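4 protein chains.
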Amino acid sequence: MTKDVRVGLVGLGRMGRFHAANLAGRIPGAHLVRIVDANEKVARENSERLGGVDWSTEYGDLLEDDRIEAVIVASPTPLHADMAEAAARAGKHVFCEKPISLELSRTYEVIETVRSSGVKLQAGFHRRFDPDYRTAREKISAGEVGDIYLFRTSLRDMRSPGFEFLKGSGGFFADVTLHDFDTARWMIGEIEEVTAFGAALSDPGFEEIGDIDNAVVVLRFATGALGVIDNSRVAGYGYECSSEIMGSRATLRIGNHRRVAVQTLTPDRVCQDYVSDFVERFAGAYRSEIEHFIRVVREDLEPEVGGADDAAALALSQAAARSYREGRTVRPESGIKDGAVFYEVRK
Amino acid sequence: MTKDVRVGLVGLGRMGRFHAANLAGRIPGAHLVRIVDANEKVARENSERLGGVDWSTEYGDLLEDDRIEAVIVASPTPLHADMAEAAARAGKHVFCEKPISLELSRTYEVIETVRSSGVKLQAGFHRRFDPDYRTAREKISAGEVGDIYLFRTSLRDMRSPGFEFLKGSGGFFADVTLHDFDTARWMIGEIEEVTAFGAALSDPGFEEIGDIDNAVVVLRFATGALGVIDNSRVAGYGYECSSEIMGSRATLRIGNHRRVAVQTLTPDRVCQDYVSDFVERFAGAYRSEIEHFIRVVREDLEPEVGGADDAAALALSQAAARSYREGRTVRPESGIKDGAVFYEVRK
Amino acid sequence: MTKDVRVGLVGLGRMGRFHAANLAGRIPGAHLVRIVDANEKVARENSERLGGVDWSTEYGDLLEDDRIEAVIVASPTPLHADMAEAAARAGKHVFCEKPISLELSRTYEVIETVRSSGVKLQAGFHRRFDPDYRTAREKISAGEVGDIYLFRTSLRDMRSPGFEFLKGSGGFFADVTLHDFDTARWMIGEIEEVTAFGAALSDPGFEEIGDIDNAVVVLRFATGALGVIDNSRVAGYGYECSSEIMGSRATLRIGNHRRVAVQTLTPDRVCQDYVSDFVERFAGAYRSEIEHFIRVVREDLEPEVGGADDAAALALSQAAARSYREGRTVRPESGIKDGAVFYEVRK
Amino acid sequence: MTKDVRVGLVGLGRMGRFHAANLAGRIPGAHLVRIVDANEKVARENSERLGGVDWSTEYGDLLEDDRIEAVIVASPTPLHADMAEAAARAGKHVFCEKPISLELSRTYEVIETVRSSGVKLQAGFHRRFDPDYRTAREKISAGEVGDIYLFRTSLRDMRSPGFEFLKGSGGFFADVTLHDFDTARWMIGEIEEVTAFGAALSDPGFEEIGDIDNAVVVLRFATGALGVIDNSRVAGYGYECSSEIMGSRATLRIGNHRRVAVQTLTPDRVCQDYVSDFVERFAGAYRSEIEHFIRVVREDLEPEVGGADDAAALALSQAAARSYREGRTVRPESGIKDGAVFYEVRK
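Chains as they are written, first to last, in the UniProt record's numbering: chain A, 1 to 347; chain B, 1 to 347; chain C, 1 to 347; chain D, 1 to 347.
Hint data in this document are derived by calculation from the structure and do not stem from the laboratory. The structure displayed is predicted, hence computed values, not measured ones. Think of the CB as a built atom: it goes at the ideal place given N, C-alpha and C, for glycine as much as any other residue. Possibly wrong hints are sitting among the right ones.
Quick partial rundown of chain D residues pointing at chain C, CB under 10 Å, derived from the structure [claimed, not checked]:
hint: 1; residue: 69
hint: 2; residue: 106
hint: 3; residue: 235
hint: 4; residue: 236
hint: 5; residue: 238
hint: 6; residue: 264
hint: 7; residue: 265
hint: 8; residue: 267
hint: 9; residue: 269
hint: 10; residue: 272
hint: 11; residue: 275
Given only the sequences and the hints, what does the whole structure look like? Please build it.
Okay, here's the thing in structure tokens:
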């Protein structure tokens, strides 16, 4: 009987709890042996909820736990890089929530540490494991869409997190648009131009902290195709992650995500529910990305999305931030280094 | 320049007013020259609304109006047969709302009078002119559906008319299901078995007048295919006229009729409007059936739906009524007489 | 740490394999310790696929395995009753695929054995655990639908199983309609009248074995509400399990089940995929029913759907079969015995 | 009886023929008395098709026809301004297809001539008369949407017109995006910033004539709200005119335009048709805009969309063209002059 991959997890916020619940009985081949959170109450209560898994408040306990082969880093963003590096140095494979760091140079250091430690590094771009997006990408790869003319995508939260969170989030483009940059690259290809527009419309607090709550980002891909991203922190009606790919042979649309396939008809109208947040929308994708990570570890595979992808998305989000700040189109340079893509924003 | 067909219309209830408004400027080749309603105020006010067309309270005025070549009979059902016959005898072509009569023998007399008068008779089965139903029927005729296994159809009103109306309506199956019998025959073919189920659920008043407010009717077609009709007077949410045809090669669905293609998303749900009555749902079909009638008159064509179809639908509704009353399946006999279908319910 | 429920499973056909895969790592709190199939190759290969779980070709091995607390009976229908009884006698809780038996008296014997053995018995009516159906039922219970006028449901397979399977299936109504009877009772309430119509349309083989491939069944509920079931073995386009509940306050619709939320637009049309079989449509519900069973065992609960429900659905399917055979409405009697519903078809 | 408005029409291209067919019997209160086209065959054949209406090859015949009170100018764009002015000078009311001119100063001259002639001028922005767009706008006006954050709209043709047409079209932004500028202003409000992106992707011929086939235009409204327009000449799958308005209280979506409400289910998929061109999509809106024009003339009203709106849309399309050419955001100035909006692009 093949042995289960023994996993430790750090950070019991919303994503961390979700990954932990999956690892405790819903992902074949995985065995969650330790959870860590700086808040003792949180750590202990989650341990109980998960049937008594070992818990600590110190990340060091996890690093020293010799049973653990792989670590899920789901702590706040500023801790990602150090924790990922420490895990790698301890010889443990790493799944790290995005972004690895808000500084590109630091991301590259982590990538280098991981490489020299000989462990795996998977970045938390869950959309790559969503059945809708995978189906669409397969159709593109199979030539069903033909030449691509336009990529259009929306990522919108129902409500904004609090301003305290936002201050440490790295700004709108690093916190929200980052996901769309990864999806754009993955589905369509590399990006040559980024022009970003933003507005603070729902609350003066956004302007006070120098941030925005709505944005539009226009892309030009290396193929010449156009791209449009729209993002919002305050969509109000629900959570939106939908896309359209218009091509010479076909156009694909991903969207209309509902919780259940139930319509309610009352006088003069028919209604359906709508997903309200990312965990609801992407429950399956979050499970699949961890399943993938377990398989990567067990079968010694390359993860489908790794450090270089995280760095590329971060670089593009920095290009967007600069474009917005300077009111002009930014043209990042990109290339291949050590077999992986890299992006650089010089001017 | 081809001369317009000069039309008279009798009966300014809801359907009559709708036809009149179409005839007064929305149907090329038609010229509405006189409207008649027993209620003087109704007649006069509609004349004003229609830009001053001649009006009467006497049907005789219409019959004697030599300009008039064609008559729209939109009066209450009990008057249909006499008015249609009188028009035919006056040499005028007839469009008659369904049913021509609630008595089958009387319907056949009208058909005979029309034939001997050499005029046209079109029956008001508007669904035959609805683009959705026509498209579906074309697909069936083209073999796209293959052998048909099941025909399923719903006809439901949002709210019931008042009990006064219902008492003179000929009963549920003649007033509501009649349309579905015509559609079933037109789309699928002749019917060999009728089994009807009914219930009075929304108001004790239905039982008091010996009527029902909801029904299910099961059909067996001559081909062996099964059919299911469901009807309601009290659907509540809106007006429904939807159908499904399941076949060996494809299944067709007609439904989800909305007024406008606008979705409204509010927290956690997405809504669309829904049609609320037959005029809203079938505005185009009502116009098209009159356009067809005008063309029938102008170009000396056979109407796509005539007296024999009206008689067949009536006979089938009588079979349903008897089935419901006697709690058993009824098998009407049918055949071809004088080139037209006829149905008879013997046992 | 709460101990996992140790489960044995017998029958590695399609459903058995699906349950086994879930039990091996996707259902928290469950531990699959033995699988059994009469076919050695099947048993051995599935063991390998599941990471080396113990396997046997003899059901007795499972009964004698003291580790096992609970048994999943997923063998062919004729074996259900004996295997369920044997498990109960061995003191093991039982999850039994539907129907427990094709003979009502035998079903009641099994229920009695289970009761006297003091173990749990859950019947495999997975639809009770489907989020769509649960949501709809909650809305009904909460009064959102008001008084119910019509329950309409479709259960259709894309393609028929082979005639060999069909001969042992207990006939169309026991094999297909059974599920709809359970859903009808669960969502709307007890049933007083059953009238069944059937046809063999796609292949003469159905008539040869005395069976049908399409059916319509009309119900009358104790409340007076009407019900319509349509079933097919040969829907062709895909797998359908959709329903409509029309009430005085609202109408609910469950349906339009797609695999992924991707639309493909090509010249003049827009397409979506459609589920093609029950495992695809109900993957979540199959997992949830087993999760429920594990919870029932762990927490000593009553299963949401037990032996009496299985017996009721079987009795109703027998009423349908008799109605179809005799061409008339059948009125089963029902009541409460020992705190559970029972149905009887006398005439 | 109110007298019909007697109308002349010049230009029997696709739009002209469509308007003429409506005026000949589908628009109450209108009487088409003369059609003009430089091509004798076209003029004569259309006269025949319309039942023998008078026809000419000379526009002067129309101007001198004293019966004619109102003119529909549906000739090629370069002729609009002169013909509109001539009609106004002849004392005839003018409905002019958009744009009145490709030169803003010339548009203002026409507006001035119309004003001094005391006749009406309606511009051909049909979308203002589409029930979907009107419904959405009413919801916005009623406050149902709250503060607007994002306006997103797509206008796409299935196939491009030929390069000969394109050369005289005034360029992509004047020929295609113009409509969206009008809709944006009408639904959301005045526009302060325009940033345009374009690409020639489907055929090298676009680049050869210095034009593009796909574009994205980002707007910033005076309220601060963001806007995104995407346009294509080569969408391939069909004709698209859909929009989304995201606001603080609700989000509205207009789209999914189908010809008929028929779904076709074949193995593993469900398909619907899709509109393929503007006449199909906007048949009702084209009729309504002419109905509105007739009412404007009959009842001496101000048209809902006039010369100043045409000029504003043209100015914004010029801003887009300059933005695209110069690779930067353009900020047109706008204000109110003589009670009407005006836009100016200085820098």
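Residue 275 (chain D) as an interface hint toward chain C, with CB separation required under 10 Å | holds, 9 Å
Answer holds if the nearest beta-carbon of chain C is closer than 10 Å to that of residue 235 (chain D); otherwise answer violated.
-> For residue 235 (chain D), the interface hint holds, since the closest Cβ of chain C sits about 8 Å away, which is under 10 Å.
Return the status of the interface hint for residue 267 (chain D): holds when the least beta-carbon distance to chain C is below 10 Å, violated otherwise.
-> holds, 6 Å
Is the shortest C-beta separation between residue 265 (chain D) and chain C less than 10 Å?
-> Hint on residue 265 (chain D): holds, closest Cβ of chain C at ~4 Å, below 10 Å.
Using Cβ atoms only, decide whether residue 106 (chain D) comes closer than 10 Å to chain C, and label the hint accordingly.
-> Violated: closest Cβ of chain C sits about 39 Å from residue 106 (chain D), beyond 10 Å.
Was the hint right that residue 272 (chain D) lines chain C, CB cutoff 10 Å?
-> Result: holds, 6 Å to nearest chain C Cβ.
Are residue 236 (chain D) and chain C close enough, Cβ to Cβ, to be under 10 Å, as the hint says?
-> Holds, because the Cβ-Cβ distance from residue 236 (chain D) to chain C comes to roughly 7 Å (cut-off 10 Å).
Hint validity - residue 69 (chain D) Cβ closer than 10 Å to any chain C Cβ = violated, 41 Å
Restraint outcome when residue 264 (chain D) is required to lie within 10 Å of chain C by C-beta distance = holds, 9 Å
Would the stated hint for residue 269 (chain D) survive a check requiring a Cβ distance to chain C of less than 10 Å?
-> holds, 5 Å
Are residue 238 (chain D) and chain C close enough, Cβ to Cβ, to be under 10 Å, as the hint says?
-> holds, 6 Å
The structure fails to meet hints 1 and 2 from the earlier list, while all remaining hints are met.
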